[in-house]
Amino acid sequence: MCRSGRLYTSGILSVLRRKRDVQLRRHGGHENNRIFTNLRPPWPRVMNARQKQSWEPMADITNQTSAEQRLRLLESQNRILESIARGAGLEKVLVRLARVSKSHFPGAGCVIHITSEKADSMSLAAAPELPDAVSEAFATVDLKGAAGPLALAVIRSEPVIVPHVGDDERWKDVCRQFLALGFPGIWTHPILDAEGAPLGCFTLLYRDRAVPEHEDYEVIDHLLPLARLAIVQDRRLRALQTADERLMSLAASLPGVVYQREVTPDGDIRYTYISDGAKDLFGVSPEEIVADPQALFDCHGPEYGLDFHERLLAASRELTLWDVEAPIITRDGEHKWTHAIARPTRRADGTVVWNGIILDATRIKMANLELAAANRAKSEFLANMSHELRTPLNAIIGFSEIMLGETFGKIGNPKYVEYLRDIHESGTHLLEIINDLLDLSKIEAGKMTLDEAPLDITRLVRNTLRLMSDKAEERGIALSCDMAEDIPPIVADERKVKQVLINLLSNAIKFTSHGGWVKVRVAVDADGRLTISVADNGIGISQQDQKAVLRPFAQADSGLNRKYEGSGLGLPLAKKIVELHGGTLTLESELTRGTTVTVTFPGSRLCVEEGVTAKGPSRISTAAR
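Numbering-wise, the numbering used here puts 337 at position 355 of the sequence shown, and it's gapless, one number per residue.
Take these hints with a grain of salt, some might be off.
Claimed, not checked - Quick list of in silico lysine-lysine cross-link-like pairs, PhoX-like style, CA-CA up to 25 Å:
{"#": "1", "residue 1": "LYS318", "residue 2": "LYS261"}
{"#": "2", "residue 1": "LYS360", "residue 2": "LYS478"}
{"#": "3", "residue 1": "LYS424", "residue 2": "LYS558"}
{"#": "4", "residue 1": "LYS126", "residue 2": "LYS154"}
{"#": "5", "residue 1": "LYS492", "residue 2": "LYS529"}
{"#": "6", "residue 1": "LYS424", "residue 2": "LYS360"}
{"#": "7", "residue 1": "LYS492", "residue 2": "LYS558"}
{"#": "8", "residue 1": "LYS100", "residue 2": "LYS126"}
{"#": "9", "residue 1": "LYS480", "residue 2": "LYS453"}
{"#": "10", "residue 1": "LYS424", "residue 2": "LYS529"}
{"#": "11", "residue 1": "LYS480", "residue 2": "LYS429"}
{"#": "12", "residue 1": "LYS74", "residue 2": "LYS84"}
To be verified - The calculated label-pair distances, taken between Cβ atoms and stated as ranges, are:
{"#": "13", "residue 1": "GLU455", "residue 2": "LEU573", "range": "19 to 29 Å"}
{"#": "14", "residue 1": "ALA179", "residue 2": "GLU200", "range": "22 to 32 Å"}
{"#": "15", "residue 1": "THR566", "residue 2": "SER235", "range": "40 to 50 Å"}
{"#": "16", "residue 1": "ALA176", "residue 2": "ALA530", "range": "55 to 65 Å"}
{"#": "17", "residue 1": "ALA176", "residue 2": "LYS529", "range": "48 to 58 Å"}
{"#": "18", "residue 1": "GLU561", "residue 2": "GLN526", "range": "19 to 29 Å"}
{"#": "19", "residue 1": "ASP331", "residue 2": "VAL193", "range": "50 to 60 Å"}
{"#": "20", "residue 1": "ALA273", "residue 2": "GLN526", "range": "45 to 55 Å"}
Note that these hints are calculated values from the structure, not bench results. Glycine included, every Cβ here is placed at the ideal spot set by N, Cα and C.
Modelling step: build the complete structure from the supplied sequences, incorporating the hints.
What follows is the structure, given as structure tokens:
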């Protein structure tokens, strides 16, 4: 007799013994092949030996019972979902789930396993109201080589139904274990994630032979997603906790303060995270700052705090990099400097999230301030020494020039003439270096002033080219100029602009080999700015050295100072003089192919409204010999 037939017969006997109604289910012609009936004998009729018991017709309550079961199942589902949503622990949720299954499968015990991180084994997560021997036997399930029903269900990702372990040769190895535990009937279903990877298994253990029917599968199909959701949610929470711990550990090992700040569309500023370094740097705990950002802003003082707020809102609107040095006063009254760097991202709701770091820049800032003060003192000293340095040199140059001209009579020994020429040339060269050095020091000290007046740039360029032509011819270099017509005058310091041109031409001639060329081009660009470029086909400058040559005393190659004379002040001085005029100096170069230096004066310096222009030949050329 099948399981349902035995139960049906048992129900009839129960009615006779207990004199009560019994609800049974048996196979029939209804939906899902099941019929629920009530057996109701005609009590209090008395039976005698001659009288046969008569029965009232069986009432078909199949639809009523199915609806009640579904309602109970939905209520159970909702309670479990509420537990998951409230953040109940995984073990608690799975135990509740196992108890719910027991209420729908009265004759079964439920055990739930979850897979390990490597998915090579499973551990018992829930086995409520089952003997300790069952919990011990199922504490761990090996997935690497085991052949039991639980392992097989997970490995194959499909249910394994064993009505009785003694009926199938496949389970002879585990038959003795299950029989000893008193659970020969086993239904086990794998718990899989959305991608089909195993998360664990859901197992029902029966003390007798058991074959699942259609509605059994329906109930299990409702319970498995709950188990999956609980396990996935637990793993996500664990992953988040691990990530948080990793972030906190990383933040604690970094110098300064790591933070995340949010700026809402309505201008509200809040800190969602700030590391413990805030206590050391600002004297304010992270908890205080998260609760009220004003605790951090107060360290900047009222004036800077207002400016900080406005700058942050502007940077949030434009999504620009936050790179700010700021003075602070800690809660303990200590004066410090901070350097904050952060990058913004905008969420879909318009909130701007800043992830950044704040460093203690006090030592660096104080060192820079001291260095700047020392540089200013040096520059002021050199600027004040201008007269003392130039006067003796001018005397040396002047007297050697008089002696070379034999103004007061012939010099007897020709060797003396040669020595005097060396003295004169060396003195002149030294004076040029001192002049450049003193001018640079004046600029750095903020003491250089411009003697500005309308300047005929055409005439200035021509005169400078004539001055440099002899030097170019001596080296066999072709010097030429391409100058647009009607170049307007500019308001500038004539001596300083001429000094710039001489420095640029001197460099171009010095670093160009015999037979090369140097070209000067003067024009007004499309934006109304005056541009003067000096190009050559000399040795060129490598990409990595181009920034270095714009710093004082630097050359592209340290070996060049042995081959080419010079102090490395020409380009830096020219750049600073041009910048004093509000202009720019740019450099383009390539090794072995030459260099082009372009000076640009702003359009505001052009005297176009006066109608004064310098006309004349637009090209000047000095060919190499």
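- Query: Where does the structure disagree with the numbered hints, that is, which hint numbers, in rising order?
  - Reply: none
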